[in-house]
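A.B. asks: Here is what each chain is made of, one letter per residue.
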Amino acid sequence: MGLLEAIIISVIAASTPLLLAAAGELVVERSGVLNLGSEGMMIMGAACGFAGAWLTGSTFIGALFGIAAGCALSLVFATLTLGLAVNQVAAGLALTILGVGLSGLIGAGFVGEKITPAPHLYLPGLTDLPVVGKILFGQDGFVYASVVLVAAIWWFLYRTRAGLVLRAVGDSHTSAHALGYPVLKIRLLAVLFGGGCAGLGGAFLPLAYTPFFIPGMTAGRGWIALALVVFSSWMPGRLAAGAYLFGAVTILQLHAQAFGLGIPSQLMTALPYLATVIVLVLISRARGSAGSVAPASLGIVFVPDR
Amino acid sequence: MKKLMMTAAAAAVAIMATGFSATAAEKLKVGFIYLGPIGDLGWTYMHELGRQALVKELGDKIETTYLENVSEGPDSERSIEQLARTGHQLIFTTSFGYMDPTLKVAKKYPKIKFEHATGFKSAPNMGTYSGKFYEGRYIQGVIAGKMSKKGVLGYIASFPIPEVISGINATILGAQTVNPDIKLKVIWVNTWFDPGKEADAAKALADQGADVIMQHTDSPAAMQVAAQRGILAFGQDSDMIKFGPKTQLTSIIDNWGPYYIRQTKAALDGSWKAGDTWDGLKEKMVVMAPYTNMPADVKALAEKTEAAIVAGTLHPFKCPVLGQDGKAVECKGGANLDPGQILGMNFYVKGVDDKIPGK
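The listed protein sequences correspond, in order, to chains W and U. Take 1 as the starting number for the first sequence in my numbering and just add one per residue. Take 1001 as the starting number for the second sequence in my numbering and just add one per residue.
Be aware that a few hints might be false.
To be verified - The calculated DSBU-like cross-link candidates involving lysine-lysine, where the alpha carbons are at most 30 Å apart (straight line), are:
id : chain 1 : residue 1 : chain 2 : residue 2
1  : U       : Lys1149   : U       : Lys1183
2  : U       : Lys1146   : U       : Lys1056
3  : U       : Lys1121   : U       : Lys1332
4  : U       : Lys1332   : W       : Lys114
5  : U       : Lys1149   : W       : Lys114
6  : W       : Lys114    : U       : Lys1108
7  : U       : Lys1111   : W       : Lys114
8  : U       : Lys1273   : U       : Lys1242
9  : U       : Lys1150   : U       : Lys1056
10 : U       : Lys1056   : W       : Lys114
Calculated directly from the structure, the hints in this document are not laboratory data.
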């Protein structure tokens, strides 16, 4: 395996959890809800996903556990913000704190256990192709799921009527409500979808990336996912570009250090954040200010019939 | 509802009151402040094992409390003070970043005894303690130098603080004794704990030809990567053999239990004094995990090296120590570098192919 090939495979692995969680959050925010609980839902997905895989021996069931855990936690958020009209920022932060604590409790019994990592695709002939073989045909299920997910979200948002309604709800919930669309129901579904994606992104970590569970192993990836959504101007294509760019710079700076280029490592560590922000801002500028901006109703509580 | 809350409050007060009277009269309350979760399998986990050893030994005379996930810096002051206010007579604060907060609380509560790990500030009622981890690193260097087929070692470093730098230096000094041309690649990840990033760093090192991986970060992620790649690795803080049965050569184990027992006994019999403890292999504060996955001659060499360090006939930083430029470093300790030079180490020795970040 050549160095370039190895680097690209590492980049894809590093980007996948971010992409999964950020793609879900993008749909949530497009519906006008700001859920800052990504980190909490991811770590819950990690803990429950590991528990599921450890108990059943199946990565697939583990992933389902992770999705379910993310959904369950996001349901708490939905109850608070949609049902009781609580401030979304406060509820989202509380959700992160809850998720981190709860996952530690659930995962406590699994610390020190290990599982078989997620299987990688192998297609005789195709996977053995030089250079591109392992990159295109030798990944695990999470990687393919993340790519399909982003494409599906793009298609949903821009090519389906339901996607148009979801965007309308996010841009003006009062207008959508006046037109007779069930604003809260749509948002509930979006929040649950986002929770499931975050849970899956979290589950990727103990099931495929580093096959063990340790409390706090998401190490801030939920927050990076949130930032990616904002810097991608809420557009799925840019989101994928941002996530892969972030992963690429993260991995390349490690390689640059191992090569001994002598650039201060603190700068190198900051580089992924810096590069991603700069590139995504430049894309937005190049497209002109006519490009997508934040959903107009983002973060605003909606109470029908008051 | 109101009535229920009143009842609950009354019950809580009653529980607290009995809690205090029962312990204040009989048992010594010992408190611990932890940086990470107790299940981190690394630094905090080992302090927790130390606490458990303490409870096992003196459980009938003491009562222990721990607070986990306490972030370093000014925020930790509240947690330390909370222990001080709730009747704890001996408090261990187990990370470098608790140094100033511990000192502040110690001045406020002169009758309470404080013990701070890995720092350099003390007070009449605040002692310090740390392990000579560089001794273990030196042995790992000797093993790595023997075991590396390509002559390239990979080192995952956390933050450019003296303890980490002295570890890197001790490693290469050990490796050079068996392979003068050994190469050491260093990656700084600027975190103590991020399994994903530690794994990425291990992959990058392996992709660039390192065939023995060592780490100064806390999770077993690098060990797993090495196992997948079929190369060798060293564990960190705890025995990580479970994550690499065919991969782990040995591991530096932090063994705090005996120290916690000793100091608590001293507090119980009134002989406690604020000390400055810096123990190593000899005192068993630093312990090597079993030497595995190596041929008998390498194992014998590792054991010989360990025995020489314990006996005091071998010092990893024996003068002359050559700096990166090849010039000998000033030797303040006579035959070896003095403790201050090691505890404050901010230079690389000859042979490290890296620049210290920020220098």
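A.B. asks: Now tell me, hint by hint, if it's right for this structure.
C.D. replies: Quick rundown of the hints versus the structure:
| no. | hint | verdict |
| --- | --- | --- |
| 1 | Lys1149(U) <-> Lys1183(U) | 12 Å, holds |
| 2 | Lys1146(U) <-> Lys1056(U) | 40 Å, violated |
| 3 | Lys1121(U) <-> Lys1332(U) | 21 Å, holds |
| 4 | Lys1332(U) <-> Lys114(W) | 47 Å, violated |
| 5 | Lys1149(U) <-> Lys114(W) | 29 Å, holds |
| 6 | Lys114(W) <-> Lys1108(U) | 46 Å, violated |
| 7 | Lys1111(U) <-> Lys114(W) | 46 Å, violated |
| 8 | Lys1273(U) <-> Lys1242(U) | 40 Å, violated |
| 9 | Lys1150(U) <-> Lys1056(U) | 46 Å, violated |
| 10 | Lys1056(U) <-> Lys114(W) | 28 Å, holds |
Figure legend: structure checked against the earlier numbered hints; hints not met, in rising order: 2, 4, 6, 7, 8 and 9.
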